[in-house]
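Numbering (our numbering), first residue to last: 234 to 431.
What the hints contain is simulated information worked out from the structure, not anything from laboratory work. Beta carbons: idealized from backbone N, C-alpha and C, even for Gly. Hints should not be assumed to be uniformly reliable.
Said to hold, decoys possible - EDC-like cross-link-like pairs, simulated, lysine to aspartate or glutamate; straight-line CA separation at most 16 angstroms:
no. : residue 1 : residue 2
1   : 349       : 272
2   : 408       : 258
3   : 349       : 258
4   : 349       : 409
To be verified - Restraint ranges, calculated between C-beta atoms of paired labels, are given here:
no. : residue 1 : residue 2 : range
5   : 411       : 319       : 40 to 46 angstroms
6   : 318       : 401       : 31 to 37 angstroms
7   : 382       : 293       : 39 to 45 angstroms
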Amino acid sequence: MSNSSDFLREEYTIDTPENVTFGYEIAGIGSRFIGALVDSIILVVSLMLLNIILGVVLSVTGDVESLFLGDENEIGWWSGLVLAIYTLLNFGLIWGYYILFELLWNGQTPGKRVAKVRVVRIDGNPVGFIEIVVRNLVRIIDFLPGAYGIGLVTMFFNRQARRLGDFAAGTLVIKERPEVGLESLGRRAISARPARLD
């Protein structure tokens, strides 16, 4: 007997050359939205802190007014160095956040970890550097015209909720499975054993 949650649940199965089939539960748009929201909040807060630090440093050097009035000739070399570092950090945060975390955390960012989802290759293997870079470079197209417009439309029209970045990189976002330990396997085996009649 199937209920509505089974209807909404999508499973992606993979057949191995050894004739072993295993499946992943695909992360839906809701799970992915939660992950993207958490990641966006982290990025916005980080960029705001970076801007505050920039303002404080430039106010100490006395070049804040020159910067905001657009008088670049009045900005000292120290402030120019601070602006160059700020620009690099800004670029690194925006472009490096997803790539760095997905590399270090095996397909997860802090948002994906909260949402309990993970990026894997379409064949079920862990993502590598190339897949991570490609899917995150295409993110800019998925974001157009704003708020992941193209990405959402693409996700609605395919059963695996893949955005353009996932298609380009050959990746899939799946729900994280709870870890299974030996103790829980032992308990399952005991509970599945038929009762003996004496």
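Outcome of the hint check:
no. : hint                             : verdict
1   : 349 with 272                     : 13 angstroms, holds
2   : 408 with 258                     : 6 angstroms, holds
3   : 349 with 258                     : 11 angstroms, holds
4   : 349 with 409                     : 5 angstroms, holds
5   : 411 with 319: 40 to 46 angstroms : 42 angstroms, holds
6   : 318 with 401: 31 to 37 angstroms : 32 angstroms, holds
7   : 382 with 293: 39 to 45 angstroms : 41 angstroms, holds
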